[in-house]
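*Asks:* Given next are the chains, with one letter for each unit.
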Amino acid sequence: MKESHDVIVVGGGVNGTGIARDLAIRGVDVALFEKRDLASGATGGCSGMIHGGLRYLLYDVDTTRHSCVDSGYIQKIAPHMLFRIPFIMPIPHKFTAPFFETYFEVYDKFAPEKRGKPHTMLSKEQVIELVPTISRDIVGAVTTDEWGIDPQRLCAANALSASEHGAHIHNHVEVIEFLKDEKGNVIGVKTRDRFGSERDVLSRIVMHATGPWLNRTSKMAGVDVKIRPGKGVHLTFDRRLLNMSVILEMIDGRGSFIMPHENTSILGTTDDDYYGDPDDLRVTEDEVEYLLEGAERMLPGIREARIIRAWAAVRPTLYGWGKNEDALSRDHMVYDHEKLEGMSGIVSIAGGKLASYRMMSEEASDLICSKLGVEARCQTHVVPLPGGEETPDAAELAGEYGVSRYAVSRMIYRHGARARDVLELTRENPGLKRTVCECEPVLACELVYSMRKEWAVSLTDLRNRTRLGAGPCQAATCASRAVAVLAEEMGLSGREIQEQLLSFLQRRWRGKRPILGGVMVDQEEINQASHFLSANLAKMAAIKGFD
Amino acid sequence: MEGKRVAVIGGGLAGAAAALFARRAGASVTIVAAGGGATSMSSGSLDVAGDPCPPIGSPGKRCTDVDLNIEKVILTHPGHPYSIIARAAGNKNAVMSVIDEALPVLFPRDGLLKLAGGLFHNQPCFTQFGTVKFTALFPQGAAQPSSDGLESPLILDVDGLSQFNAAAWAKVAQDSASKLGNRVEPRLGKVRFKGTGERPSTAFMMQISRDPDSFVEAVSEAAAQAQGVRSIILPPVLPSGIRSNIAWFIGERINMPVYELLAMPPSAPGQRLATHLSDRLAREGVRTISGKVTRFESRDGFARSVEVGGRESVEAESWVLASGKYIGGGLEKTRAFRETIFGLPLFLNDRIVSQKFSGNVTGLKVTDRHALFEVGVKVDELLRPVDRSGKRAYENLFAAGAVLSGYNYMVDGTGAGVAIATGAKAGMNAAE
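In order, the protein sequences belong to chains F and H. Mapping of the first sequence onto the numbering used here: position 295 corresponds to residue 297, and the numbering continues sequentially without gaps. Mapping of the second sequence onto the numbering used here: position 65 corresponds to residue 68, and the numbering continues sequentially without gaps.
These are calculated hints, taken from the structure and not from any lab test. Virtual Cβ for every residue (Gly too), placed ideally from N, Cα, C. Treat the hints with care, since some could be wrong.
The calculated label-pair distances, taken between Cβ atoms and stated as ranges, are [what the hints assert, rightly or not]: (1) F:344 x H:58: 56 to 66 Å; (2) H:367 x F:298: 53 to 63 Å; (3) F:198 x H:188: 56 to 66 Å.
Sample of chain F residues lacking proximity to chain H, with all beta carbon distances greater than 12 Å (derived) [to be verified]: (4) 137; (5) 170; (6) 230; (7) 287; (8) 327; (9) 341; (10) 376; (11) 378; (12) 408; (13) 506.
Using the sequences and the hints given, assemble the complete structure.
*Replies:* Next up, the structure:
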């Protein structure tokens, strides 16, 4: 007999995992399939903000409202993951000040929903005191505040919660076909795992949440969903260059920002129609220059700073004709294909923003439940995400397990109350207290935890869960240490160890190649000399089209 | 009588070779060294010439004949420093003979650093990661698949050290050995050195300078725990200190072969190499000034003086630029490429390279041959850098090592060979 579930979710982004969680808490039997790694598409490549959508206020007030309301909920269910990012919007000329004042007064109305602070007007001197590197060519600034988050952790927490409520999470398992009955209704999917083995899985409803891949998978499913994919590029700097986010105006008049994010700063984003393969995204140097040029106007010293990485993702924006990319609505849509096209067994979701993922998941889950006849109500706004029950004290945990307090505080940010479970692994194996990645830092126990509990099977997955290799050295020193932890836990062969290391170094290279300059060139010379010359890795391993 | 005054910029392998050869020719030599550079980060082995077209994944099938590899390099890469030396001498054997002449000068038999291997064949040595690297010269005590007792070694983890993992090493080493038709059946062990703390780092390990006898004790204790092992392999983390052949030393004392692996940075063998070179320079009466060159002056087409660290001035009649590539600080790439000291034009494939997107000088795959690492100064047959018009930039300036264009030490396995050959030649030319 074939495996069967009430619902199959296709796609392991924040929508897919959010919906799986919502349904699982309501008692629905769910299986989720993600072809690459959780949060490796639009979710992992977004700005990482649970924000109110200030920029949508002018033309998309609903998105602003939804985002603000949901931001408040997310702060309640995952308090450990959120950090406040104060924003300043510099005012370049005297005559623009009253406009900003009015604009922010309107935005203030949404602020209490997201526990935001009302705006303040700053004088030029006050701005310079807060951001000493800012251009002197301003008359003042307006402040607002938003919340930052690690989107990959948010996604992992949703998947973990779903799984703890009975959902089956299948990471690195691709849906290669939508199965249909003789009437053309969807009755399940055909999947292929990373070892190549294929399997049919049946369901009453398939939840189609493939984000950037929607145009492709819609064709495969035979449903009418169309997105206008938009490529967004960010740059990561090696440290917190500033303690507030600064809103920037780019050469073409579009908005952008630079913000402190965890141990780094992020500059972004571009927004351009993308017609290429969502599996093969590359940042170009022109995109890097576009961002730097825009930032340079307000932060004249920005080119002196060290960029460690450029990254890109594709936004699954709702289709629209006749508008520039940045003016497209950030609204979302849940497609009831039974109603729209008379095809039952499948529901799709497109558009939206990270900040409102929970509400979108609720909407999609409500629709699915009505189809399944499930009456249970949504609880995702009140049930804490795993680790969100309480935030432990870093010093206390560090003392108890004999590890660095700083490492523990970073771990608590990622795992909340579950940091204790992570550290508990060191009781049976004290060797797991060792630091693998010094930049962030990441301890060996956290890698093992991610492999045991969070579906990580490769170094790249471990990067997504823990920020392994995401710091200034970009894995030059931690890669060979991390692969030893992976090898032990996963029982890898000598050949697999080399393949894992090469494929991780290649992933890191993709982000470094467009920004290599200054000290990053020195760093890369060391990185390549140590792996390919001193360890002679490339010539030893038989490489088969790795990427 | 005082000889010619020669100044060498760069304290790595190329700079040391230049300084020692200028000294041999009777010059009075000053070396300006900003730091250990790439030499101190190297694996500890000296590459002279790899196979220019190695079969990937079948290391056993590559050409290991160093002479033949040099000949192939000269035939296929006319801009390679080896080709320049061969052309200048009108003899393709000139490269090998200058390296042969230089080795005893750099590494005398009675010196501190004992090298094994030779100039005829590249031999496989195990690295810290378990792979094998084919190389000409390597530290005495390097672990080779064919070494005595290596079929059943005890591979030692250093307690708490995260840079090395014996279990992963064993798996990769078995894979590597089988590709070469060898067998290695490692046992895993653990050693704890006194005074290293609970979770030591390699950098910390390298700084503990103590009596090697305490290492002997720790290693022999670890060996006593294991049954039926015929040799011991140590990760390359023991202090650089004065004793370069630490593994061999421990082996003699415990009466069992002890080997050490080639390193990834931070590299103890690389540090030893750097320590050894500074010791050689001091013994030969080369004056060393530490610091970065902050300014330089020329007159009438001659380089005259440099300022070091914004204070000290160095004057010389003849100059050798051996400042290295990006790690060494000889080159910089921001939006444009720059030679950091004399502002010399930089070349790629024989053409001047100025502003380039990094994507235009790198490949899509990290393992590709990246032109980025082939950028450098172009030299005439006497190793004098040329200016934009293709004529020598200064009458009295010579260049050696990684600052040169035309070769890619990352993939062609000629790194140390080029440093030694061009260093020795540039030193001789500068002193003439």
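*Asks:* If a hint holds in the structure, say so; if it doesn't, say that too.
*Replies:* To see whether the hints hold, each was checked on the structure:
Here the CB-CB span from residue 344 (chain F) to residue 58 (chain H) is close to 59 Å, well matched to the stated 56 to 66 Å. Checked against the hint of 53 to 63 Å, the C-beta distance between residue 367 (chain H) and residue 298 (chain F) comes to roughly 29 Å, which is inconsistent with it. A hinted range of 56 to 66 Å for the beta carbons of residue 198 (chain F) and residue 188 (chain H) is inconsistent with their spacing of about 32 Å. Non-interface status of residue 137 (chain F) relative to chain H is upheld: no Cβ of that chain comes within 12 Å, the nearest being about 21 Å off.
Here residue 170 (chain F) stays apart from chain H, with its beta-carbon at least about 32 Å from theirs, past the 12 Å limit. The Cβ of residue 230 (chain F) lies farther than 12 Å from every Cβ of chain H, with a closest approach of about 27 Å, so its non-interface assignment holds. Its closest Cβ contact with chain H, about 4 Å, brings residue 287 (chain F) to no more than 12 Å, contrary to its assignment away from the interface. With a minimum CB-CB distance of about 23 Å to chain H, residue 327 (chain F) clears the 12 Å threshold, and the non-interface call stands.
At roughly 45 Å from the closest C-beta of chain H, the C-beta of residue 341 (chain F) stays outside 12 Å, upholding its exclusion from the interface. The Cβ of residue 376 (chain F) lies farther than 12 Å from every Cβ of chain H, with a closest approach of about 48 Å, so its non-interface assignment holds. With a least beta-carbon separation of about 47 Å from chain H, residue 378 (chain F) lies farther than 12 Å from that chain, consistent with its non-interface assignment. Distance to chain H confirms residue 408 (chain F) as a non-interface residue, since its nearest Cβ pair spans about 14 Å, more than 12 Å.
Its beta-carbon lying about 10 Å from the closest one in chain H, residue 506 (chain F) breaks the requirement of being farther than 12 Å from that chain.
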